[in-house]
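J.: Residue-level listing of the chains:
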Amino acid sequence: MAIDCLVLGAGQEVGKSCVVVTINGKRIMFDCGMHMAYNDHRQYPDFSRISKSCDFNNAIDCIVITHFHLDHIGALPYFTEICGYNGPIYMTYPTRALAPIMLEDYRKVLVDRRGEVEQFTSDHIAECMKKVIAVDLKQTVQVDKDLQIRAYYAGHVLGAAMFYAKVGDSAMVYTGDYNMTPDRHLGAARIDRLQLDLLITDFDFHGICLVFQFTFCKCYNSEIEYRNSLFIDYAAAVSDTVDYIIVSYLISLPCPEMEALAFGLRSTYATTVRDSKYAREREFLKAAASSVLHTAVASILSFVVIIVVHKCVAGGGKVLIPAFALGRAQELCILLDDYWERMNLRVPIYFSAGLTIQANMYYKMLISWTSQKVKETYNAFDFKNVHNFDRSLIDAPGPCVLFATPGMLTGGFSLEVFKHWAPSEMNLITLPGYCLAGTIGNKLMSGNPTIELEGTKIDVRCQIHQLAFSPHTDGKGIMDLVKFLSPQHVILVHGEKPKMATLKERIQSELGIKCCDPANNESVCIPSTHYVKAGASDAFIRSCLNPNFQFLKSGSEEKSVSGSKCTEGTLPLWIKDERVAEGILVLEKSEKAKVVHQDELLLMLGEKRHEVQFAYCCPVNVDELEKFTTTSLTPTARMLRDPNKSSLIRLLVAKLSRKLSEGNIQDFGEHLQVESFHLSVCLKDTCPYRITNGLEDKPRTAFFCCTWSAADDKLARKIISAMENRDLVET
Amino acid sequence: MKFTCLCQGGGFNFPPCHILNVSGFHVLFDCPLDLSALTVFSPLPNDFYKAICKENSDSQNRQKVEKPLDANDLIFAEPWYKTVNNLHLWNVSFIDVVLISSPMGMLGLPFLTRMEGFSAKIYITEAAARIGQLMMEELICMNMEYRQFYGAEESSGPQWMKWEELELLPSALRKIALGEDGSELGGGCPCIAHVKDCISKVQTLRFGEEACYNGILIIKAFSSGLDIGACNWIISGAKGNIAYISGSNFASGHAMDFDYRAIQGSDLILYSDLSSLDSTEDIDQSSFSDDNNNWEELMNSLSNYDESVEEMEKLAFICSCAIDSVKAGGSVLIPINRVGVFLQLLEQIAIFMECSSLKIPIYIISSVAEELLAYTNTIPEWLCKQRQEKLFSGDPLFAHVKLIKEKKIHVFPAVHSPKLLMNWQEPCIVFSPHWSLRLGPTIHLLRRWSGDHNSLLVLENEVDAELAVLPFKPISMKASESSTLTKDTATEVSSVSRGMEDSCQFFRCYFILSLPLFRK
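Quick note, the sequences are listed as chains G and Y, same order.
Counting in the UniProt record's numbering, the first sequence runs from 1 upward without gaps.
Counting in the UniProt record's numbering, the second sequence runs from 1 upward without gaps.
Please keep in mind that the hints were generated in silico from the structure rather than gathered at the bench.
Watch out, some of these pointers could steer you wrong.
To be verified - To give an idea of the interface, some chain Y residues facing chain G are shown, with a C-beta separation under 8 Å as derived from the structure:
| no. | residue |
| --- | --- |
| 1 | Thr4 |
| 2 | Met115 |
| 3 | Glu116 |
| 4 | Gly117 |
| 5 | Phe207 |
| 6 | Glu209 |
| 7 | Glu210 |
| 8 | Asn377 |
| 9 | Gln386 |
| 10 | Leu391 |
| 11 | Gly394 |
| 12 | Leu397 |
| 13 | Ala399 |
Note that this is a predicted model, so its numbers are computed, not measured.
No residue lacks a Cβ here, since even glycine has one placed at the ideal position from N, Cα and C.
Work out the full structure: start from the sequences and follow the hints.
T.: So, in structure tokens, the structure goes:
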């Protein structure tokens with residue numbers, strides 16, 4: 001039996017996650033994503049590799065979707081409605097609720113903005129979603145008689161899950177994107193310690209890549225002000241997988257928390273600190289920083305955004321936050337609303353119509369999937385300061401904060417507002433996420449002072465501020481997870497090749513786990529576990545039940561611990577009962593495996609018992625023997641001049657009983673016996689067991705023929721070395 | 001395996017209690033309180049003087065002559081709560097596992113966990129634990145009113161519990177207080193610390209989550225459809241699976257449906273709750289005797305038989321009664337009984353009011369209502385298909401979210417909340433605890449409206465209405481007994497098992513026990 005793993009997407013690349021795994025004959029498709037960067041056939045996984053005849057219903061037992069991001073679910077309507085897959089699809093409740101929104105959003109962008117032909121319609125999405133079976137975390141779902149799946153919390157986005165799949169004795173986990181450190185509104189990934197043959201983990205291209213910077217366009221009035229403001233800029237490589245962190249921000253704000261943050265960030269992540277002025281305040285800040293350090297980097301950065309936004313509205317400016325409907329917008333909004341509440345700010349926060357009041361409804365109902373902190377407050381997504389935005393408010397005077405869709409300023413309402421607000425220096429545009437190349441958001445980030453839009457030039461004089469970090473897992477997170485689960489094999493997907501190669505090396509060398517990173521359309525075959533159930537015979541079970549007591553007197557140390565109470569002869573007795581059962585595993589063809597007791601085996605096989613006997617003819621110098629004994633046994637000395645069998649034996653017994661502490665030496669006159677060790681005088685000239693290397697020449701050498709069974713080998717060798725006058729040091 | 005019935009229970013609010021000995025472990029199913037026994041206590045008197053008079057006079061006045069019960073026969077004291085008596089026959093330290101099937105099955109847990117030597121592992125579904133905790137907190141809060149009135153308990157135990165006092169009780173009351181054999185008694189109300197302690201000992205599960213006890217038993221909870229979070233259990237050991245079916249409901253308007261697929265393949269099925277078997281009409285058996293019928297068909301026929309429709313009809317009946325009363329200028333008092341039904345009723349009444357274009361305020365007066373209402377909107381995983389569809393389309397799971405926002409429903413923690421006093425408007429519709437009519441805001445409102453013949457009191461038929469309203473007599477208020485909702489699916493469950501026997505290809509069902517079988 002083996003596990004076959006066919007990587008249809010995200011093999012050594014980022015985008016369109018799709019892996020088809022065959023475990024013991026059951027075929028599961030994990031994720032069904034699309035690649036955002038392509039418009040041709042490359043945007044979807046090559047489904048024809050699953051089944052030449054395109055009979056997917058028979059080829060695949062179920063589809064499992066980890067979360068609602070398009071690179072994990074984008075191709076699903078295409079696969080079910082156009083390719084005709086009708087089987088079950090599993091995803092968590094939040095994913096089931098939020099995925100249609102993401103898909104519909106994407107479809108609209110395709111059709112409305114790019115003017116492209118849609119690959120699937122709204123109806124397709126709705127039809128596709130009807131086939132979905134929503135699952136809860138940790139719920140063990142019996143897909144069919146043999147296949148079992150279970151979701152674990154992944155913490156990447158709301159409803160993100162890692163999936164465990166088990167067929168027979170083989171088990172695997174497919175992680176999707178996950179997050180090992182708790183986020184502001186999501187918890188960290190949690191999984192049981194499972195016995196796994198295979199772990200397929202997303203590597204993800206961002207690593208932890210935290211970019212946080214101000215870009216001042218020409219709105220920046222004076223260079224002097226720029227310098228005077230306490231400006232910290234550093235880039236630091238934290239670990240090999242973390243790419244870079246650039247944190248640069250204004251710290252002129254009268255906020256001690258802010259400074260503490262700067263310190264916290266620096267001491268955690270920076271290796272180079274350029275600012276010497278700042279170092280003076282180190283002692284003062286240390287205390288403050290310690291309270292911040294434990295919070296995740298993500299929350300620190302989000303917090304910085306808040307401060308920046310506050311600064312802008314305090315100056316009477318308008319803040320535009322272009323965001324996608326789900327995820328970052330809600331997270332920032334929790335923070336903003338909370339901050340507004342604490343600072344008693346009256347500046348309105350708006351949500352543009354398309355977004356988010358609706359999305360907030362989802363978040364409210366799915367609050368049990370967020371972090372513990374958010375969960376404890378039932379009304380976390382009940383924003384008090386948030387209102388619906390009306391088009392007429394665009395040019396209304398006074399400060400405000402506006403969340404508008406879509407993110408990256410790709411078009412729609414956010415772009416419309418951008419046109420109105422960008423020319424004013426007072427305003428601020430916060431880009432709370434990664435901006436794809438080619439989007440307006442990306443152009444702003446590169447510091448373009450003028451943006452051409454539909455023929456008109458827009459003079460961008462407002463402040464631009466980007467918070468780009470990805471809530472994906474990092475190198476350390478992957479290592480931690482792999483170490484925790486200790487699977488037999490690891491497959492890395494969804495990452496850039498060189499970085500995955502580095503991690504692959506680490507997993508193999510540090511953890512000693514086999515690891516590979518197949519390219520797209522490659523297939524990997526991995527041996528799987530197969531347990532054999534073995535019956536146990538009655539005799540074996542009885543032998544297991546035999547107690548194996550050992551009574552140990554407690555040492556003096558224990559006595560002193562237990563105090564003076566038990567000194568009077570009531571030494572605590574330690575009883576050890578470590579049972580070791582010996583049995584024989586019998587595996588016969590066409591019969592069930594069985595564990596039997598060794599006595600039963602012969603009966604079962606109908607064979608006779610063979611015993612291994614050792615034999616050795618041991619030479620002993622009689623003189624030495626006498627010398628050894630005369631000191632204590634003078635009267636018998638004379639008798640020894642004429643040695644006979646029994647006297648030799650008696651001498652030997654005397655000698656051995658001094659040298660040996662163990663064993664009960666029995667003297668039978670003609671021979672002596674210790675356990676199975678049997679010794680008698682050998683009078684033969686040539687004994688087959690005698691090692692003759694010139695010993696015969698020596699006079700007064702008596703030979704003793706010894707035989708013993710394998711069980712008493714150790715004892716026998718001790719006796720022999722004692723007889724030969726070798727030291728009893730271990731041979 | 002050994003299965004012992006500790007208590008047959010009585011209806012929804014008092015689920016049965018059993019002990020199962022399997023693979024050498026003692027598994028206790030449910031730990032309820034018999035709250036219907038609260039009726040032997042008098043509701044909080046209006047004035048202190050009356051209570052004192054009663055205390056002084058009663059020992060002389062009471063005779064052993066049987067006469068119709070009178071409000072003064074009730075016990076004037078802080079109530080005691082009746083736990084499952086037979087549980088005391090067991091050494092609690094021998095219980096290894098406690099499985100709680102519903103929020104109601106949890107109420108007696110603080111009594112158990114505070115006993116010395118108790119060390120069992122308690123499993124309960126997450127939703128049931130949360131709702132159960134809220135119910136316990138509410139009970140304590142309501143009981144506090146009594147404690148403030150009567151003062152702290154004497155160390156020797158309450159006065160009324162002295163034997164001679166109990167002997168003087170009218171026989172009907174004595175039977176409730178002491179049980180058939182006169183040996184049952186309860187305990188004083190636990191305090192909030194006990195509840196906290198009890199909750200901290202609980203391990204919560206989700207439907208279908210595998211919990212491994214001691215490496216030997218695998219315990220899984222599956223939806224029973226009775227109430228939000230209520231569940232049936234499957235215990236898998238080395239030698240097979242045992243399914244424990246608590247009171248179950250095939251199609252509910254709120255909780256997730258009875259998960260019958262989960263019990264497929266069980267080696268043994270234990271039906272614990274057939275208490276309402278006699279009250280339900282026999283299902284036409286001929287439909288199942290057909291050889292060709294299979295499991296799926298059977299299930300379809302059962303869900304088509306559709307309790308939810310029946311349930312909705314009953315809810316509609318209550319609503320129309322309520323509307324009539326309100327139109328006549330009276331108020332409506334609905335004691336909160338089951339969480340799921342309460343939520344449905346809220347929705348229905350709002351719809352009815354909309355239809356008849358009435359603008360009558362709906363008040364919910366309960367110390368935990370706000371939390372409960374907020375919580376129930378965040379648990380799509382525990383609700384029925386229709387409600388889950390609401391999540392998927394982005395609507396609130398229950399309509400109360402919208403109604404509260406529109407200020408059609410007002411939620412207050414207590415009768416004396418300043419906001420309530422400012423807002424109060426009659427006629428109105430009030431939901432408040434407790435259904436026994438002995439605790440909570442209900443007693444105050446019932447006293448207020450008992451003389452108004454236009455007002456309406458909605459009671460479930462599980463409650464002994466005669467005894468319940470006794471202290472409020474003379475009563476001219478209408479009382480509508482809603483026989484709703486209590487309908488258990490015992491008959492259906494047993495017909496399912498019949499179906500199982502028929503369709504062997506689906507089931508490997510060796511034998512079916514119907515209970516109670518053994519009594520200790």
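J.: Indicate, hint by hint, whether the structure satisfies it.
T.: Hint-by-hint comparison with the structure:
| no. | hint | result |
| --- | --- | --- |
| 1 | Thr4 | 30 Å, violated |
| 2 | Met115 | 31 Å, violated |
| 3 | Glu116 | 26 Å, violated |
| 4 | Gly117 | 26 Å, violated |
| 5 | Phe207 | 6 Å, holds |
| 6 | Glu209 | 4 Å, holds |
| 7 | Glu210 | 5 Å, holds |
| 8 | Asn377 | 6 Å, holds |
| 9 | Gln386 | 14 Å, violated |
| 10 | Leu391 | 5 Å, holds |
| 11 | Gly394 | 5 Å, holds |
| 12 | Leu397 | 6 Å, holds |
| 13 | Ala399 | 13 Å, violated |
When held up to the earlier numbered hints, the structure conflicts with 1, 2, 3, 4, 9 and 13 and fits the remainder.
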